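Colleague: So the chains spell out like this:
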Amino acid sequence: MAVHAKGCLDRGEKPLDNVVSAVSMHNITKRFGSVIANDRVNLEINRGEILALLGENGSGKTTLMNMLSGIYFPDEGSISVDGRDVVIRSPRDAFDLGIGMIHQHFKLVDVLTAAENIVLGLKGRLDIKGASKRIREICDAYGFEVNPDQKIYDMSVSQKQTVEIVKVLYRGASILILDEPTAVLTPQETEKLFAVLRNMRRDGKAIVIITHKLHEVEEISDRVVTLRHGHYVGDVATRDTNAQEMTNMMVGHAVSLNIDRPDPVSPRPRIEVKGLTVRSEEGLLKLDDVSFIANSGEILGIAGISGSGQKELLESIAGLQAAEKGSICYIEDDGSREELIGQDPLKIAEKGVALSFVPEDRLGMGLVADMGLTDNMMLRSFREGHSVFTDRKGPHDVAQSVVEELSVSTPSLDTPVRRLSGGNVQKVLVGREITTAPTVLLTAYAVRGLDINSSYTIYDLINRQKQKGVAIIYVGEDLDVLIELCDRILVLCAGRVSGIVDGRGANKEQLGYLMTQVGGAAHAK
Amino acid sequence: MQNEKREPLIHISRRGEISWQRAFAIRALAIVLALVVCAAVCVIMTGENPLSIYGTIWQGSFGSKRKIWVMLQEIAMLLCISLAVTPAFRMRFWNVGGEGQSLAGCLACAACMILLRGILPNGLLIPVMLIASVLAGAIWGVIPAYFKAKWNTNETLFTLMMNYVATQLVAFFCVVWESPRGSGQIGVINLNTELGWLPTVGGQKYLLNVVIVALLCVAMHVYLRYSKHGYEITVVGQSIKTAHYVGIKVEKVIVRTMFLSGALCGLAGFLLTAGTNHTLTTTLVSGRGFTAVMVSWLAKFNPIVMILTSFLLVFLERGAGEIATNFRLNESFSDILTGIILFFIIGCEFFVTYRIHFRRGDSEAKIHV
Numbered sequence: 112m113a114v115h116a117k118g119c120l121d122r123g124e125k126p127l128d129n130v131v132s133a134v135s136m137h138n139i140t141k142r143f144g145s146v147i148a149n150d151r152v153n154l155e156i157n158r159g160e161i162l163a164l165l166g167e168n169g170s171g172k173t174t175l176m177n178m179l180s181g182i183y184f185p186d187e188g189s190i191s192v193d194g195r196d197v198v199i200r201s202p203r204d205a206f207d208l209g210i211g212m213i214h215q216h217f218k219l220v221d222v223l224t225a226a227e228n229i230v231l232g233l234k235g236r237l238d239i240k241g242a243s244k245r246i247r248e249i250c251d252a253y254g255f256e257v258n259p260d261q262k263i264y265d266m267s268v269s270q271k272q273t274v275e276i277v278k279v280l281y282r283g284a285s286i287l288i289l290d291e292p293t294a295v296l297t298p299q300e301t302e303k304l305f306a307v308l309r310n311m312r313r314d315g316k317a318i319v320i321i322t323h324k325l326h327e328v329e330e331i332s333d334r335v336v337t338l339r340h341g342h343y344v345g346d347v348a349t350r351d352t353n354a355q356e357m358t359n360m361m362v363g364h365a366v367s368l369n370i371d372r373p374d375p376v377s378p379r380p381r382i383e384v385k386g387l388t389v390r391s392e393e394g395l396l397k398l399d400d401v402s403f404i405a406n407s408g409e410i411l412g413i414a415g416i417s418g419s420g421q422k423e424l425l426e427s428i429a430g431l432q433a434a435e436k437g438s439i440c441y442i443e444d445d446g447s448r449e450e451l452i453g454q455d456p457l458k459i460a461e462k463g464v465a466l467s468f469v470p471e472d473r474l475g476m477g478l479v480a481d482m483g484l485t486d487n488m489m490l491r492s493f494r495e496g497h498s499v500f501t502d503r504k505g506p507h508d509v510a511q512s513v514v515e516e517l518s519v520s521t522p523s524l525d526t527p528v529r530r531l532s533g534g535n536v537q538k539v540l541v542g543r544e545i546t547t548a549p550t551v552l553l554t555a556y557a558v559r560g561l562d563i564n565s566s567y568t569i570y571d572l573i574n575r576q577k578q579k580g581v582a583i584i585y586v587g588e589d590l591d592v593l594i595e596l597c598d599r600i601l602v603l604c605a606g607r608v609s610g611i612v613d614g615r616g617a618n619k620e621q622l623g624y625l626m627t628q629v630g631g632a633a634h635a636k
Numbered sequence: 382m383q384n385e386k387r388e389p390l391i392h393i394s395r396r397g398e399i400s401w402q403r404a405f406a407i408r409a410l411a412i413v414l415a416l417v418v419c420a421a422v423c424v425i426m427t428g429e430n431p432l433s434i435y436g437t438i439w440q441g442s443f444g445s446k447r448k449i450w451v452m453l454q455e456i457a458m459l460l461c462i463s464l465a466v467t468p469a470f471r472m473r474f475w476n477v478g479g480e481g482q483s484l485a486g487c488l489a490c491a492a493c494m495i496l497l498r499g500i501l502p503n504g505l506l507i508p509v510m511l512i513a514s515v516l517a518g519a520i521w522g523v524i525p526a527y528f529k530a531k532w533n534t535n536e537t538l539f540t541l542m543m544n545y546v547a548t549q550l551v552a553f554f555c556v557v558w559e560s561p562r563g564s565g566q567i568g569v570i571n572l573n574t575e576l577g578w579l580p581t582v583g584g585q586k587y588l589l590n591v592v593i594v595a596l597l598c599v600a601m602h603v604y605l606r607y608s609k610h611g612y613e614i615t616v617v618g619q620s621i622k623t624a625h626y627v628g629i630k631v632e633k634v635i636v637r638t639m640f641l642s643g644a645l646c647g648l649a650g651f652l653l654t655a656g657t658n659h660t661l662t663t664t665l666v667s668g669r670g671f672t673a674v675m676v677s678w679l680a681k682f683n684p685i686v687m688i689l690t691s692f693l694l695v696f697l698e699r700g701a702g703e704i705a706t707n708f709r710l711n712e713s714f715s716d717i718l719t720g721i722i723l724f725f726i727i728g729c730e731f732f733v734t735y736r737i738h739f740r741r742g743d744s745e746a747k748i749h750v
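In order, the protein sequence lines correspond to chains P and C.
According to this note's numbering, the first sequence is numbered sequentially starting from 112.
According to this note's numbering, the second sequence is numbered sequentially starting from 382.
These aren't lab readings, by the way, just hints derived from the structure by calculation.
Incorrect hints may appear among the rest.
Quick list of in silico lysine-lysine cross-link-like pairs, DSSO-like style, CA-CA up to 27 Å [stated by the list, open to error]: (1) 529(C) x 462(P); (2) 422(P) x 436(P); (3) 529(C) x 504(P); (4) 422(P) x 446(C); (5) 681(C) x 622(C); (6) 681(C) x 458(P); (7) 504(P) x 586(C); (8) 609(C) x 504(P); (9) 462(P) x 630(C); (10) 622(C) x 218(P); (11) 622(C) x 458(P); (12) 681(C) x 619(P); (13) 531(C) x 436(P); (14) 681(C) x 586(C); (15) 436(P) x 681(C); (16) 579(P) x 422(P); (17) 609(C) x 458(P).
Sample of chain P residues with no beta-carbon within 12 Å of chain C, all distances over it, derived [stated by the list, open to error]: (18) 132; (19) 262; (20) 265; (21) 269; (22) 326; (23) 477; (24) 572; (25) 599.
Treat the numbers as computed from the prediction; the structure is a model and nothing was measured.
C-beta: ideal position from N, C-alpha, C; glycine also.
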């Protein structure tokens, strides 16, 4: 039971004599109400191995790992660590067993330094100096770059993630679980992280990474375990499989992995942004002299490290963000221009500008989490008509057709959208935004957290809008997708336009440099 | 190798969906348990037989025709203020100023009765009183709303403090308009002329109030559920960001909703002063502004369910009061009983939301509660 036959080779580097089991989860079942998140799942985690846990949204990956890290308690099944049966009741129990999890959302105190965060909550005398020394040792051993005395608020996302990993190692973890660690990183930062993970593997740590990105699975992992709808599907050595096969295992049937890119349909300028400068409420410069033109019938991708001004850019166009200076012009087919700065969403709509916006924060901004599908469809249309009462019939029909056309899986049209899975929530939101027949479609991270199937549905929807002549601004984080989907890609770097490149023929390295420094490609070798 | 396998004695998990029958059963069980504990406490303190204690609770509300009417009036007034604060609550605007807004309505109503008697004919006086009360309540509600909308002040503190301002104003005018002179009290206004008194309908002093509040209840249900305003209130309550995103003017909705909330509290004040009590005291609203918070919350802000929750609270309070008098215990005793009952009613919501798993001898099988 403890020894696993497959995946014992260290990705062609050095074969280990025998595989040592770190964790073995047996017949784990976890229910949430009537939903079964994990159904009799078995999982082996070995030392000196990087295991990729793959699965669509809602397939139960995070739930399974949360049971290992003490956040949930399994309803049934047993867990053993190093061959001993254990019961993990709390994150503290997990720590005592050497299990550490790095969550998607970092849990750090901004005003403290890295070292202070790392020792936070530990028992014993507070000895920051000693701690700093040990942190440096850990960093040297694995190749991290962390300054123990740096405050968290001064750090980039990737540095914060490093602090989280060091924190877990500092506490003696030998089994590390990383939940979608690369979602917030640039390609260069991802490379660095992977180098560190390889060092940890060499040191005999057991590492689990939860991810959607197949090329990363191929690059870093030794073994892949796939979950589908809470069931364990299979366990293969990474070198014996490929992206297509993994996708098929994840989805349960064959899926084409190519994204279509139809040619632009008679593009003409639709949105013209000139010298746009935006400051946050705290006075920080969020957008600095941004200028570009978005054409109709074309997808303009926006790339950049998260927080480079993408949110402010879209919200400025949508009338939700005050600008310090600059202009945003909506250009009608007949050439007449409409200034959008200083307008609110209602006024923009009243001027006849058909603008749709799929915001990043789906449940916090785009939808009302506690309302059903019908009521959410009403958000855009409830003002129609002179009656003081709302008309629910129209929105009900819209909801019905969105559910049918986009195959949204929902118990009913009145189910609160917060009960739907991420993919279905996104379909509802995108579905509502395109039923208004927009001429401009703004999308922020339209496929974030979505599984492959849902992502392709969304790409397809966006492409169909493009062919209808809609001007699409697509803010994305997955560079592979941006390169495959977009006609042109605008790269933002710290609020400035770092470059605009043609999607056809763009490459990731070039975009990566543009993301980290303005005009980066020129400076890089 | 030691065996570390120890399952936790209990563990708690969130329920997904719960059928309404099950939720109802849990709540009913809570009320039964509350009554059992109340009876136990009563038996210990009084030595009476528990059945006679339950009988006394029942007597408190249903003992006589008069008691039934008093109970209906109490329910109507409590429900009226609860309905008033509900739109604000649905907007997540924690209006705990129902007391002050109602009192402002009482004050405006009494002011008209005293200052305009003899000047306006009764047929005109009553509408003027109504408008004055409603406006006074509305102003009391709009002030904190405006500050919230404009400067994002904390509405809970603000509305709470407005209560004290209203109470002190009433105390001041009680002395200004005292009657008889030197008493510091207003007494019954227009006792002989009955000017500004609402007419008695159907031979029952309280019937008019009950009918008005019943209509109000239905209207509020329709307003919140089916009107565009109601929809805007829900969106603002759920997510201000979403409201901005679809172009709802959040500030306007906050002020408008608190205008309505305050206005209805003012109406409650009008019904109290013009309809039934015909006087003005600082305790005229008698804490209903606060009890209303509970009525509204227990009903999950649903106006129709609020009929039930306000009945429950009035029934329990009157029952507890009856026990206190019948068994010669003081008022604090009825507070103890009400406290016990509310503990169970509010506490049972935990079991509606969560499920508790107990450990059993054999580790695999588990029982679920």
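Colleague: Give a verdict on every hint.
Modeller: Do the hints match the structure? See the list:
With a C-alpha separation of about 30 Å, the suggested pair residue 529(C) and residue 462(P) falls outside the 27 Å cut-off, and the hint is violated. Simply put, residue 422(P) and residue 436(P) have alpha-carbon atoms about 17 Å apart, close enough for the 27 Å limit, and the pair holds. About 35 Å separates the Cα atoms of residue 529(C) and residue 504(P), which puts this hinted pair outside 27 Å; it is violated. In summary, the hint linking residue 422(P) to residue 446(C) is not supported, as the alpha carbons are separated by about 66 Å, beyond the 27 Å threshold.
For the suggested pair residue 681(C) and residue 622(C), the alpha carbons sit about 23 Å apart, so the restraint of at most 27 Å is met. A threshold of 27 Å between alpha carbons decides the hint, and for residue 681(C) with residue 458(P) the separation of about 35 Å lies outside it, so the pair is violated. Taken as a hint, the residue 504(P) and residue 586(C) pair is broken in the structure, with Cα atoms around 44 Å apart against an allowance of 27 Å. Simply put, residue 609(C) and residue 504(P) have alpha-carbon atoms about 14 Å apart, close enough for the 27 Å limit, and the pair holds.
Note on residue 462(P) and residue 630(C): the hinted pairing holds, with a Cα-Cα distance of about 17 Å set against a maximum of 27 Å. At roughly 24 Å between alpha-carbon atoms, residue 622(C) and residue 218(P) fall within 27 Å of each other, so this suggested pair holds. With a C-alpha separation of about 17 Å, the suggested pair residue 622(C) and residue 458(P) falls inside the 27 Å cut-off, and the hint holds. About 52 Å separates the Cα atoms of residue 681(C) and residue 619(P), which puts this hinted pair outside 27 Å; it is violated.
The suggested pairing of residue 531(C) with residue 436(P) holds, with an alpha-carbon distance near 25 Å, which does not exceed 27 Å. Restraint check: the Cα-Cα separation between residue 681(C) and residue 586(C) comes to about 31 Å, which exceeds 27 Å; the hinted pair is violated. For the hint linking residue 436(P) to residue 681(C), the alpha-carbon distance of about 46 Å lies beyond 27 Å, and the restraint is violated. As the CA atoms of residue 579(P) and residue 422(P) are separated by approximately 25 Å, the hinted pair is consistent with the 27 Å bound.
The straight-line distance between the Cα atoms of residue 609(C) and residue 458(P) is roughly 19 Å, inside the 27 Å bound, and the hint therefore holds. Non-interface call for residue 132(P) relative to chain C: holds, since the shortest CB-CB distance, roughly 15 Å, exceeds 12 Å. The Cβ of residue 262(P) lies farther than 12 Å from every Cβ of chain C, with a closest approach of about 28 Å, so its non-interface assignment holds. The claim that residue 265(P) lies off the interface holds: its Cβ sits roughly 28 Å from the closest Cβ of chain C, which is beyond the 12 Å cut-off.
For residue 269(P), the non-interface assignment is confirmed: its Cβ lies about 28 Å from the closest Cβ of chain C, beyond the 12 Å cut-off. No beta-carbon of chain C comes within 12 Å of the beta-carbon of residue 326(P); the shortest separation is about 34 Å. Separation of residue 477(P) from chain C is inadequate, the least Cβ-Cβ distance of about 7 Å not exceeding the 12 Å criterion. At roughly 20 Å, the least C-beta separation between residue 572(P) and chain C is larger than 12 Å, which holds for a residue marked as non-interface.
Listed as outside the interface, residue 599(P) is consistent with that label: its C-beta sits roughly 27 Å from the nearest C-beta of chain C, beyond the 12 Å cut-off.
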